[in-house]
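> So you can see what is in the structure, the chains are spelled out below.
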Amino acid sequence: MTQPGVRMGVVMLCHAALDRAAQLARHWADHGCPVVIHVDSRVPQPQFDGLRAALKDLPDIRFSPRLPCDWGSFGIVRATQDAATRMLADFPQVTHILLASGSCLPIKPVRALQAHLARHPDTDFIESVTTADVGWTIGGLSEERFTLRFPFRWKSQRRLFDGYVSLQRFLRFRRRLPKGLVPHLGSQWWCLTRPTLQAILHHKDRARIDRYFRRVWIPDESYFQSLVRQVSTRIESRSLTLSKFDYQGRPYIFYDDHLHLLRQADAFIARKAWPQARVLYDTFLTPDGDRELATEPSPGKINRLFAKAVERRVKGRPGLYMQSRFPIRARGGTQSAAPYGVFSGFAPLFPEFQPWLARALEARVHGHLFAFDRVQFAGGESVFKGGLSDSPTLRDYNPRSFLANLIWNTRGETQCFQFGPEDEQAIAPMIASDPNASIFLISGAFAIPLWQSGRSAAEVRAEAARLQKVESDFIQLLKGPETKARTRVWSLAEFIENPAEPLEQLVDQLNPRGAHRMTELPQLLALHGFGSFLQDLRNQGMAPVLMGDFPSDAELALPAPPFARPRVVR
Amino acid sequence: MGLTTILRLRTRRQYLLVRAFRRRRQLTPVADRTADLPAQPILLFSTVRNERMRLPYFLTYYRRLGVDHFLIVDNGSDDGTRDYLASQPDVSVWSATAGYKQSRFGMDWVMHLLRHHGHGRWCLTVDVDEFLVYPFCETRPLRALTDWLDSAEAPSFAAMILDMYPKGAMHEQPYREGQNPFEIAQYFDSGNYVISRNPLYRNLWIQGGPRARLFFSDRPKRAPAMNKIPLVKWDRAYAYASSTHMLLPRRLNLVYDDQGGEKPSGVLLHAKFLDTFAARAAEELARGEHYAQSAEYRAYREGISRERDLWCNWSEKYVNWRQLEILGLMSKGNWA
Numbered sequence: 001m002t003q004p005g006v007r008m009g010v011v012m013l014c015h016a017a018l019d020r021a022a023q024l025a026r027h028w029a030d031h032g033c034p035v036v037i038h039v040d041s042r043v044p045q046p047q048f049d050g051l052r053a054a055l056k057d058l059p060d061i062r063f064s065p066r067l068p069c070d071w072g073s074f075g076i077v078r079a080t081q082d083a084a085t086r087m088l089a090d091f092p093q094v095t096h097i098l099l100a101s102g103s104c105l106p107i108k109p110v111r112a113l114q115a116h117l118a119r120h121p122d123t124d125f126i127e128s129v130t131t132a133d134v135g136w137t138i139g140g141l142s143e144e145r146f147t148l149r150f151p152f153r154w155k156s157q158r159r160l161f162d163g164y165v166s167l168q169r170f171l172r173f174r175r176r177l178p179k180g181l182v183p184h185l186g187s188q189w190w191c192l193t194r195p196t197l198q199a200i201l202h203h204k205d206r207a208r209i210d211r212y213f214r215r216v217w218i219p220d221e222s223y224f225q226s227l228v229r230q231v232s233t234r235i236e237s238r239s240l241t242l243s244k245f246d247y248q249g250r251p252y253i254f255y256d257d258h259l260h261l262l263r264q265a266d267a268f269i270a271r272k273a274w275p276q277a278r279v280l281y282d283t284f285l286t287p288d289g290d291r292e293l294a295t296e297p298s299p300g301k302i303n304r305l306f307a308k309a310v311e312r313r314v315k316g317r318p319g320l321y322m323q324s325r326f327p328i329r330a331r332g333g334t335q336s337a338a339p340y341g342v343f344s345g346f347a348p349l350f351p352e353f354q355p356w357l358a359r360a361l362e363a364r365v366h367g368h369l370f371a372f373d374r375v376q377f378a379g380g381e382s383v384f385k386g387g388l389s390d391s392p393t394l395r396d397y398n399p400r401s402f403l404a405n406l407i408w409n410t411r412g413e414t415q416c417f418q419f420g421p422e423d424e425q426a427i428a429p430m431i432a433s434d435p436n437a438s439i440f441l442i443s444g445a446f447a448i449p450l451w452q453s454g455r456s457a458a459e460v461r462a463e464a465a466r467l468q469k470v471e472s473d474f475i476q477l478l479k480g481p482e483t484k485a486r487t488r489v490w491s492l493a494e495f496i497e498n499p500a501e502p503l504e505q506l507v508d509q510l511n512p513r514g515a516h517r518m519t520e521l522p523q524l525l526a527l528h529g530f531g532s533f534l535q536d537l538r539n540q541g542m543a544p545v546l547m548g549d550f551p552s553d554a555e556l557a558l559p560a561p562p563f564a565r566p567r568v569v570r
Numbered sequence: 571m572g573l574t575t576i577l578r579l580r581t582r583r584q585y586l587l588v589r590a591f592r593r594r595r596q597l598t599p600v601a602d603r604t605a606d607l608p609a610q611p612i613l614l615f616s617t618v619r620n621e622r623m624r625l626p627y628f629l630t631y632y633r634r635l636g637v638d639h640f641l642i643v644d645n646g647s648d649d650g651t652r653d654y655l656a657s658q659p660d661v662s663v664w665s666a667t668a669g670y671k672q673s674r675f676g677m678d679w680v681m682h683l684l685r686h687h688g689h690g691r692w693c694l695t696v697d698v699d700e701f702l703v704y705p706f707c708e709t710r711p712l713r714a715l716t717d718w719l720d721s722a723e724a725p726s727f728a729a730m731i732l733d734m735y736p737k738g739a740m741h742e743q744p745y746r747e748g749q750n751p752f753e754i755a756q757y758f759d760s761g762n763y764v765i766s767r768n769p770l771y772r773n774l775w776i777q778g779g780p781r782a783r784l785f786f787s788d789r790p791k792r793a794p795a796m797n798k799i800p801l802v803k804w805d806r807a808y809a810y811a812s813s814t815h816m817l818l819p820r821r822l823n824l825v826y827d828d829q830g831g832e833k834p835s836g837v838l839l840h841a842k843f844l845d846t847f848a849a850r851a852a853e854e855l856a857r858g859e860h861y862a863q864s865a866e867y868r869a870y871r872e873g874i875s876r877e878r879d880l881w882c883n884w885s886e887k888y889v890n891w892r893q894l895e896i897l898g899l900m901s902k903g904n905w906a
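Protein sequence lines, in the order shown, are assigned to chains A and B.
Read in this note's numbering, the first sequence has 212 at position 212, and its numbers run on one by one without any break.
Read in this note's numbering, the second sequence has 686 at position 116, and its numbers run on one by one without any break.
In case anyone wonders, no lab produced these hints; they're calculated from the structure.
There may be inaccurate statements among the hints.
Computed from the model, here is a short list of chain A residues facing chain B with C-beta under 8 Å [to be verified]:
#, residue
1, Y252
2, L388
3, N409
4, E413
Think of the CB as a built atom: it goes at the ideal place given N, C-alpha and C, for glycine as much as any other residue.
For reference, chain A alone in the conformation it holds in the complex (with noise of 0.2 Å):
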């Protein structure tokens, strides 16, 4: 099956899943692909005899001299060069050497991994980036990769690692780079051609170069990646292996149910399958001739996966509090999942505020969330959306709970409830400093309430000033620092001025994509006697002041019916 003019030769760095790794050796070299094995040192004696023992039938199959290999250590590049030079040595035959591990999966047919290099020859597929465009590097070390010195290890001895860095940051400490290089990162997996990697091997400074990359952090990434530009005719600068890496630098790893996401996937090998990942081997590692060609690649599906993993894992989904994920203040934990109204003093004035808003707005409009007596949910249920209790006692006991999980649990329909200093006010932080939260209010409405009471202005005057009071605590904390809450404050007289301009800037900001305009709007309620109401609180000794200037019944006499003027269309 191979390719006239073409054959490739393996190196497989293993450590791990020796079993999987023979299975693999054994797989390249029926497809007559000789393979040089390097097994980490670390690994015991017995285990690697067994794999020698597996594969001791298999003539074109060599074990390079073993040496511990220490991520992120030049082990893993001596180790390398020890087996690529022992390949070029022992077969002279070979036009590609193959870089891979005791865990890369070729996801294609060998032959059409040899028929593409047949198609290229003269090629180096390497992935070779400058230290300036590369976005993926770990603990922000790209450039200093290559200018500092890195004598100790990232896993075991981390401390001393950042503070060596730290310290050479601080004496302003920078290596020499070796003359004519240029540091490129890139993967470590490679498929380069024999001149290629020849020249890499028999550099005339390989010495110096040696002992400079011994000192520089990950240089499998770079040793490989950087001298290719010295020696190479025509690199392309992309790995023929699908390897992907999660925000801390650690390889993904394919399970069974990838099957269909790999099958799609433009690379030939994919780093790295899980060793009892059984369907893949099974389906992966079956000669060439029972193998169909992939179909049409869409390696897009594959891309997405993983970086939406990512996200999830860094960015999480806003306004969702669980049991892996709960946020700090700052980093948006007082944020709920989706924009929401609050809407004090309107319901009052309008008597049929709450149907008009529901119609206007397509959402779900509820009463008083946070009334004392019982949590009124819209429709009066008792049980609401996710098993959400009317107990005012449970919702007080953890409030911000309560809020997050109602907008959490109704996401996709916008939810709006009144709210007022007749509430039970230990939420207000939460919904002031929440980003998703819009606020209206219309203060001194409360006492509308009272006044139609008809209880006497002496009777409820030490009422209307508890609201009062509260409400305007409530103001202030809106107009806090910590306010990310969109709010708009009107005073009830600045208000009944006016109704109509309030009512369409509340539709606007909270249904932004109604395309329909209002075409009713509510009917206000009839002020007549609130006046005079208030003059009475004011004899009573009370100041109600949150009202603004309320006109006089008299000036009241002939009132504007709410929408009369004709209003001008944005």
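Based on these hints, arrange chain B on the given structure of chain A.
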């Protein structure tokens, strides 16, 4: 402040370890098969009492997920539980006749076993009515999860309790041995869980679900905790501080991200509310061997007699783990 807290928690942890050690003699091995464990086994630890009927499905469920061995303490069963367990090839059984309450509700016994057999291994500590669901659990065995947690250097994995209940009264659909309990208890509350942070132990304290909604609506503080950390790569220095709700050292409790991201987490489906429950509640109340003077069971008895149906209009019907993920009860985190 910092140092005293550290010392205080350290003392607490050592106290728990000593406690577990001193109660080791209360355990009598009935069938100890731990000598033949494979390398790096995944172990399951549990305490049972009269669970003969539930055990077959429990064992099947966790065998299918890839638990290699079960280490179970039998606390004085008289319904054949012990003999049944002893006859299973992958179960080791110890018998304990001392009080459940005096042994910290079985945790002392389990911790002794954890210390003895769990060191350096992935250990799942659950009750017989708790069924672990984790991301991709239909296609990936538990070993895939623990391997991934190993590579992520995460020593513990959160799975909150999710109370499952049937539609209609509990006694209407009797549970048969070997049956999947969630064929009966199909429903759960999807979004009424309240969360606060425990500053001392740094874990999240989660309460809610149908129990809080119906039985504890007038004293929510006493509603049972739903947060659990059942899967831990155990070390002999670790201790469960309160059931499996929280651990010491407290870094193990940091199973959540406080920077806005989501860590992977699962759910323990709780098959408590079946026809066996009412009888159980009466029995446990008489025994008085449960947490806080069995306040929970007392509340149930009152609640159950008043309102037998836990189901409501907004109850969610269980489909699979993806549903729980979308509802925000668990997360894939960056496991893809």
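> Does each hint fit the structure? Answer for all of them.
Now for the hints, and whether the structure bears them out:
no. : hint : verdict
1   : Y252 : holds (6 Å)
2   : L388 : holds (5 Å)
3   : N409 : holds (4 Å)
4   : E413 : violated (14 Å)
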